[in-house]
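Those protein sequences? They're chains A and B, same order as listed. Residue numbering for the first sequence follows the working numbering, starting at 40 and increasing by one per position. Residue numbering for the second sequence follows the working numbering, starting at 46 and increasing by one per position.
There may be inaccurate statements among the hints.
Using 25 Å as the maximum straight-line C-alpha spacing, the simulated BS3-like pairs for lysine-lysine come out as follows [said to hold, decoys possible]:
| no. | chain 1 | residue 1 | chain 2 | residue 2 |
| --- | --- | --- | --- | --- |
| 1 | A | K148 | B | K320 |
| 2 | A | K311 | B | K130 |
| 3 | B | K155 | B | K130 |
| 4 | A | K223 | B | K393 |
| 5 | B | K413 | B | K213 |
| 6 | B | K382 | A | K229 |
Since the hints were made in silico from the structure, they are not lab data.
As a plain string of letters, each chain reads:
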Amino acid sequence: MSVKVLFTVPLLLSAFLSFAQEKSYTQQIEGTKLSFTMQAIPAGEFLMGSKKGKADELPVHRVKLDAFWMAAFELTWDLYEPFLYKDYETSHSTGPVPANVDAVTRPTKPYLDMTFGMGKENHPALAMTHYNAIQYCKWLYARTGVFYRLPTEAEWEYACRAGSTTEYTFGETAAGLSDYGWFKENSGGKTHPVGQKKPNPWGLFDLYGNVAEWTYDQYAADFYAAQQNGVAVNPVAAPSKLYAHVIRGGSYEDTPSDLRSAARLASDPVWKQLDPQIPKSNWWFPEAPFIGMRLVRPVKTPSKAEIIAYYDQPVIADY
Amino acid sequence: MNNEELREKRREFLKSSALIAGGVLLNQFAFAGGHTSTDDTIKIALIGCGDRGTGAAFQALSTVQNVKLVAMADAFQDRIDNSYKVLFDKFKDKVDVPKERRFIGFDAYKQAIALADVVLLVTPPGFRPGHFEEAVKQGKHVFMEKPVAVDSPGIRRVLAAAEIAKQKKLNVVVGLQRRYQANYRETMKRIQDGAIGEIYSGQVYWNSGGVWVKKREAQQTEMEYQMRNWYYFNWLCGDHIVEQHVHNIDIANWVKGAYPVSVQGTGSRAWRTGKDYGEIYDNHAVELTYADGAVIYSQCRHFEGTENRVDETFQGTKGRTYLSAGNHGVLWDHKGKEIFSHPTKGNKNPYQTEHDELFAAIAKGEFKFSDAERGAKSCFTSIIGRYATYSGQTIKWDDALKADNSLFPAELNWNSNPRLMPDGNGLYPIPTPGKTKVI
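Throw the hints in and build the complete structure from the sequences for me.
Right, here's the structure in full:
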């Protein structure tokens, strides 16, 4: 199924609100031609981690999660660039940009070409920092009034598994991975338009490969150890340090073992070594063309104060 | 060589450079302030304390040599204050810059240069020729950022000072960091060995979304506004074809082992049309023609919402290549078979490599780097690209180099006027091909 087809059947925001919460929906960005699809992910319990992977995937433990929606696709440049370029947003809007949107802090323009020549239309947006990814969600909140955020690590793995307990949703081995994702062996060393491969059973595309995806969590190799008594409910390693954060799903550069449902990878300061300025950019990773993002929306909307607190955490300067 | 011998050799090296340069008086000044001639510390002055200047100081102070930052200079107090705080927090006793060695204003560079063995020249590029001349006159080793000048007179000054630097055996590294990046070095070595034959054409790009803009503030004089918003004024920046695209144009010259004899092209303002954007264009497309007939096409633009790329491709008689700052370096034959591919992961930071190699040479008492001439010539290639797009004429290298077309203000203080002033609507005159004369 192509992205364009999905974009031609938009549902108005007001229309979906009368539906049951479990329904998938399309979010319009009012005053633009932009929209994106959110897939309903039911509340549930699953076994997180794997005995067959690396040490940081242990112990396998029970996790219980509330319901949420997850974007069917990785966030594309098409949806990201109005946030990056204010002039572009203005010239591509059918009406005036609301004042509260104007007030959102935008990324500094990247010194380099952040597509790295891999293409833009329908390709995943990439090389943004964790901070940048959260500020994008804030911009989207100002634009839509809906609380979008990064998935927690547990939400990501739960959504990826979609009820499966094997290493990949489709089986224990990587045979057949090419049907689901872009990775080292089939990507040609670059990103591809989202949605060209098969979705997982819950309607999510490109979880494996293409770009790796930010989660909200701080990376700790031993985080699961603290979760093994009883059932961990909505677990999250709340981030307080600039490095490392958990990334998931592997990318077009990675080998199949890094694309497994339970595989955990971490962000790395070396991704900024090609930034010649001090302080280094809070917004870009010039040596991480393989990291992107995917939106999540919890079914239980937090209070406004909690939403603002999520978006407005202090910037940690990077030297 | 044992450590003591090495130290002695380096002391002699630093001292002899300073002696040749400024005579006894300057030499005494250089070693004043508690540093005795038996101290083996390499003293650094930072000229230009913006984010890139602070970055360059970071890299210099991160080398393994015994280095110390002893002086800082900037036109603006707030830039020095911010930079000093960041550097001191990070490097502590490697940063020995008390208030009396933090020099502010347009002439501050002279005093700071005098206190150092190595100077980092990192102001907006329009100042570089004067600063480089002074550093060479005072006999200092130099790291200077690209671009090294913005107009023909500036280039002539840098070329002349580059000659003197060579005679004095002063190491000069220019921040065209691709020259210090492993993928470029490794791929270029193979190209020069003939892996893809003679290069007859190529395409080099800097297509991105543009850079920062500083808003005009109420109390600013025109001079302060242009200094703060330097990217958009040619006497300071040279236009983005010079400031950024010089990186890729330098690669074209490196591949050819030559500089173009003539340049023609076209450019305009498409996205950046308002009064916040000074006088520069936001797109240039130029053809660089070399003496052997090779033509290399260069394209740079700052457009929002378009496809971007920053990289280089070249075609040779036996194959072709792709290079990028993202550590790519690939060679193919004409059948598409890969001859060479540089690994994109695990590469060293080229900005750090520049400083690692410069300071290692200085510490060993070696004269190893004289980048200024080729840096100036690649910058000049970019500058004549701008001449071509602004005028709409074919620009010959030799004619352009003689031009007496300085962009620098006649007088330099906060209340003096730069040559280019806004009209009653706050708009600056924009070059019009067919009307504008540049040389």
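| Do the alpha carbons of K311/A and K130/B lie within 25 Å of each other, as the hint requires? | Status holds; Cα separation ~21 Å.
| Given the hinted pair K148/A and K320/B, is their alpha-carbon gap at most 25 Å? | This hinted pair holds, its Cα atoms lying about 19 Å apart.
| Do the alpha carbons of K382/B and K229/A lie within 25 Å of each other, as the hint requires? | 19 Å, holds
| Given the hinted pair K223/A and K393/B, is their alpha-carbon gap at most 25 Å? | Holds, at about 23 Å.
| Quick one, are K155/B and K130/B close enough, alpha carbons at most 25 Å? | 22 Å, holds
| task | Decide if the proposed pair is consistent with the structure: K413/B and K213/B, CA atoms, cutoff 25 Å inclusive. | result | 12 Å, holds
The structure fails none of the hints (numbered hints given earlier).
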